[in-house]
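S.K.: What follows is each chain in one-letter form.
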Amino acid sequence: MSENMMRTISMSEALNEAMHEEMERDDRVFAIGEDIARNGGLFGVTKGLLPRFGAARVIDSPISEAAISGAGVGAALVGSRPVVELQHFDFVTLAMDQLVNHAAKWRYMSGGAVTVPLVVRGPIANGVGLAAQHSQSLESWFVHTPGLVVIMPSTPYDAKGLLKAAIRDDNPTLMLEKRLLYTRTGEVPTGDYVVPIGVADVKREGDDVTVVAISGGVPLALQVARKLEPEGIDVEVIDPRTLKPLDLDTIVTSIAKTGRLVVVSEGARAGGYASEVVARVIDAAWGSLRTAPIRVTAADTPIPYAGPLEREVLPQVHDVMTAVRNVMEKGRTQHVAV
Amino acid sequence: MTSGRATPGTTLDAGDALFTMQLIRYFDERVVELYNQKLVRGSAHPYIGMEAIATGIISALGDQDLITSTHRGHGHCLARGLDPSRMLAEVLGRKSGYCRGKGGSMHITAMEHGMLGADGIVGGSHAIAVGAAYASRLQGRDTVVACFFGDGAANEGSFHEACNLASVLDAPVVFVCENNGWALSTRASSTMRIDDISTRAAGYGFPGVTVDGNDVHAVRAAADEAVARARSGAGPTLIEAKTHRMSAHSAFATGETSTTEELAAWAERDPIEALVRRSISTGELTDEAVAETRVRARAAIEAATEHAVNDEQPDPETAFEDVYASSHWTKEMRLA
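From first to last, the protein sequence lines are chains A and B.
In terms of the working numbering, the first sequence opens at residue 1349 and continues consecutively.
In terms of the working numbering, the second sequence opens at residue 21 and continues consecutively.
The hints are simulated quantities; they were obtained by calculation from the structure and are not laboratory data.
Treat the hints loosely; a few may be bogus.
[What the hints assert, rightly or not] Examples of chain A residues toward chain B, derived with CB under 7 angstroms: (1) Pro1410; (2) Ala1414; (3) Gly1420; (4) Leu1425; (5) Ser1428; (6) Asn1449; (7) Gly1459; (8) Gly1495; (9) Asp1518; (10) Ala1640.
Using N, Cα and C, we set each Cβ at its ideal position, and we do this for glycine too.
Based on the provided sequences and hints, a complete structural model is requested.
M.R.: Okay, structure coming up:
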């Protein structure tokens, strides 16, 4: 079809297209958030929605994260499909009761009497010097809350397709977007498509090491894979895209081939999503592992302001490189399942 | 007939109101008895003494309207016309309960009655009411949402955010503050420096009124005005209905709160007896009609009890259902 042409656009443009297309497609969809209407959102994700769809469906809200998230829950209960923008994802702390005690549980507590088709999305602004209250990767909190779907895209294609899927899905869904990925470009077709929730994507095929990378970890892993190619180390990079529910099968299939696992996540280490991936792999694929998996994560510190400090605590290319070399080396001689 | 389906704009039907209030009273007395027999898990929060508020407010709503409720929510459900048998089955955690045994006393939900769900989080439903009201209007429906909450919830930040958001969106919400004088064991008067919670509405630019929460006619009159205002698109109203919690906080937390003198004074103002006195003096009801109404309410509670205690326990396997709307994700929920 002629309308399905490939173009190269940024992730924020891709998300913006998803909003336009879904609001056009379904008049139950509306957008609410701080500075999203007249200003088009701090990062342009809601640009152009106000003139096209009007102030009733594109709402500049008061700075009231709890109220707009709660209003999203209420609107979803009566059949709307609200998309709530958090200006920075860290502000989710102000909306926790609505998301954890309400959005996540309303269907279950009612015995399935209701659905909550709510999307809450926003940026993680790590790596740009916004310090500890604007840089957190808090995804594991929500993975730990049964009833929520958690999505973290790494490419414009996935971001657009997943946001469209999330808006159409009947579950409360959180989408965490790394701000530094907004300006990265990638191929996105024109026309309608969705990326299914709960399906991982193999971003690069390889035979030696499986790197499960999330959000900002994906470009790091791909960079490492390219750098190690000349050394004969063949890295497979898997992006789960959806953290909850996790597509474990794709990961386990890869490990059956490689026997080695590195997980890259920008969340803090203790109780983080990387630990969850490792635990799930040990449960499901212990017999395939040649050596102990390695987690590359943020350190267990708040995110500091100064460049050298922030780079010290967030995963860097050399951290991923070291981890991959490490599992390669140990995996030559060890096999954990004796 | 309960008053939950009364036609908006008509005056309160004394017989319907009496039936609803008596049904609520008997229901929550029965719940406490069943708790003491160890048939109710956790706890339950009686609405005893507050029956006029749910009855008066909900009698002013139409079928298309919605309510949100609280941990102390049985009265709202019964006034809205929910089936006492399925309610009691839920309180006992049984299969035919409104939530299939997953919610219990604090989470009864019945969309078919416009009951968006009771909420165990104090202050948790204000914003939900605003969103439901705004979205209903966005979808072209003529819906008003009545949002019930207590005096304690008026001190939650969520109340203030939701009032402000409702105001700027002109959301068709009636905020109903049931000021029963107590937040568990703490007096409302010791947690706020104002006499009337309704005065807080002024800070958000909409009307606030205080009414006698033990006078079902006064509550209904305030509700008529607030519902009409909301339906016309003029925005929210805060109704503070002053009453008194005549029971302990809950079936579990039974510590002394009100003094004997206070309870005696408020017992004089019992909302059910007040309605009976007034209705007989105006000739709306006879002694015989009152007695017959009470017998009918009692019979409904006996039938509900009979149903609930004999209802089946839920199948343990159903614990894995309803976490997500997509059933193919159910395997995610189980322990590997």
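S.K.: Are the hints correct? Go through all of them and say.
M.R.: Results for each hint:
1. Pro1410: Holds, about 6 angstroms.
2. Ala1414: holds, 5 angstroms
3. Gly1420: Since chain B brings a Cβ to about 6 angstroms from Gly1420/A, closer than 7 angstroms, the hint holds.
4. Leu1425: holds, 6 angstroms
5. Ser1428: Since the shortest Cβ distance to chain B is 4 angstroms, the answer is holds.
6. Asn1449: holds, 5 angstroms
7. Gly1459: holds, 3 angstroms
8. Gly1495: Holds - the Cβ of Gly1495/A comes within 7 angstroms of chain B, reaching about 6 angstroms at its closest.
9. Asp1518: holds, 4 angstroms
10. Ala1640: violated, 19 angstroms
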